[in-house]
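Here the protein sequences come in this chain order: H and F. Its first residue numbered 27, the first sequence is counted upward by one per residue in the numbering used here. Its first residue numbered 27, the second sequence is counted upward by one per residue in the numbering used here.
Heads up, some of the hints might be wrong.
For identical chains, the list gives no copy identity; a pair is met inside one copy or between any two copies.
Stated by the list, open to error - Each computed DSS-like pair below joins lysine-lysine, with the alpha-carbon atoms no more than 27 Å apart:
1) Lys158 <-> Lys201
2) Lys150 <-> Lys28
3) Lys97 <-> Lys197
4) Lys158 <-> Lys58
5) Lys140 <-> Lys58
6) Lys197 <-> Lys150
7) Lys58 <-> Lys104
8) Lys201 <-> Lys104
9) Lys58 <-> Lys150
10) Lys150 <-> Lys201
11) Lys158 <-> Lys28
12) Lys150 <-> Lys104
13) Lys201 <-> Lys97
14) Lys197 <-> Lys104
15) Lys158 <-> Lys197
The set of hints was computed from the structure by calculation and includes no laboratory data. Please read these numbers as outputs of a predicted model, since none were measured by experiment.
2 protein chains.
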Amino acid sequence: MKVSIIAFDDFTDIDVFFMWDLLNRVERPDWKVQILGDQCCHVSATGMRTHMHGRLDEANSSDAVLFASGKGVRRKIKDDVFLDAFNLDPERQLIGSMCSGALILAALGLLEGKRATTYPTSKKLLESMGVKVVEEPFVREGNVATAAGCLAAQYLAGWVLEELLGAEESKRALKLIQPVGEGLSFADFDAKQLSASAS
Amino acid sequence: MKVSIIAFDDFTDIDVFFMWDLLNRVERPDWKVQILGDQCCHVSATGMRTHMHGRLDEANSSDAVLFASGKGVRRKIKDDVFLDAFNLDPERQLIGSMCSGALILAALGLLEGKRATTYPTSKKLLESMGVKVVEEPFVREGNVATAAGCLAAQYLAGWVLEELLGAEESKRALKLIQPVGEGLSFADFDAKQLSASAS
């Protein structure tokens, strides 16, 4: 199973690395997470140079495709070469976005007639593209989902984990990143229910 | 004002990039956030090659120094060259750690006689170093603080923001990353109380 996170220059750091870290907590040999872009490297909104794992067309054969957010989104929704690289199909793939990444889903025609959420600063533009924008952290319409507000990344990644690997695996991965005493306890590891990898 | 995040090979991605992204949401000309290491680049626990912004000794002149976590910590607490690079002083600096990074604080003698928290898999080792480990997401003892469980990064970074820039700035930055409808609303931006930068 393969999950692709789509990045570009000026991506919001936390939206990519939160999903990336969480999705990488799955310990199965047939599980692969990759960050894809149209260049070998992309520079984040804060200037972090990040190597991609592959080109955009690999998204088309992925089980789940998750679009990042950030200032760069507004350039990508006008970039025909970028948009034309995708041949996504909600019938056979899970497709999602973080924050302003919903604008890319809309540009790809994936939000037609659907409800969606986005970062507050992208609300009006997304509405102008014909999408019914709602003030919710996570909106699912069949196999297309949008999440908004950085910490909602756990809802988006959790949805992908649950759909592809089941509720138990999703719950296990999400527990690993909760604050100690607020969802994660010392006893969770004593019981060997969780991986013993250090963090 | 200067905040340094300390990284090393096999660091936990989310613990570095969560603090990095959040602390970079401050929009002041005299505010600088940097990731420091003992090499030009370090490779995260998931294999992400990350460029450092400077060498470890820059931590000694920083207003706040935050240690990352990860599998690499266990090597660094036995690495005298790494430990000797630090000349930190809680009298003039805020010093903190995420998850297993508390082991480095202990190795530096900064947790003597103090309460602290850490990731569950590091609890016993931290206790063996003479620290009273408590099951809490964030523990502050004067100018030394420990946070545990990845999402507790917001408590650690929020503490630094509040101490250095005041409660209002800390609250503003933390609001920007909350899920829409769960701490962040569309109206927050209409009121121009928050920056209009896209996410």
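Outcome of the hint check:
| no. | hint | result |
| --- | --- | --- |
| 1 | Lys158 <-> Lys201 | between (32 Å within a copy, 24 Å between copies) |
| 2 | Lys150 <-> Lys28 | neither (33 Å within a copy, 36 Å between copies) |
| 3 | Lys97 <-> Lys197 | between (32 Å within a copy, 22 Å between copies) |
| 4 | Lys158 <-> Lys58 | neither (33 Å within a copy, 39 Å between copies) |
| 5 | Lys140 <-> Lys58 | neither (29 Å within a copy, 42 Å between copies) |
| 6 | Lys197 <-> Lys150 | between (34 Å within a copy, 25 Å between copies) |
| 7 | Lys58 <-> Lys104 | neither (30 Å within a copy, 33 Å between copies) |
| 8 | Lys201 <-> Lys104 | neither (39 Å within a copy, 30 Å between copies) |
| 9 | Lys58 <-> Lys150 | neither (35 Å within a copy, 32 Å between copies) |
| 10 | Lys150 <-> Lys201 | between (35 Å within a copy, 20 Å between copies) |
| 11 | Lys158 <-> Lys28 | neither (30 Å within a copy, 43 Å between copies) |
| 12 | Lys150 <-> Lys104 | within (17 Å within a copy, 54 Å between copies) |
| 13 | Lys201 <-> Lys97 | between (31 Å within a copy, 18 Å between copies) |
| 14 | Lys197 <-> Lys104 | neither (38 Å within a copy, 35 Å between copies) |
| 15 | Lys158 <-> Lys197 | neither (30 Å within a copy, 30 Å between copies) |
Going through the hint list in order, the structure does not satisfy hints 2, 4, 5, 7, 8, 9, 11, 14, 15.
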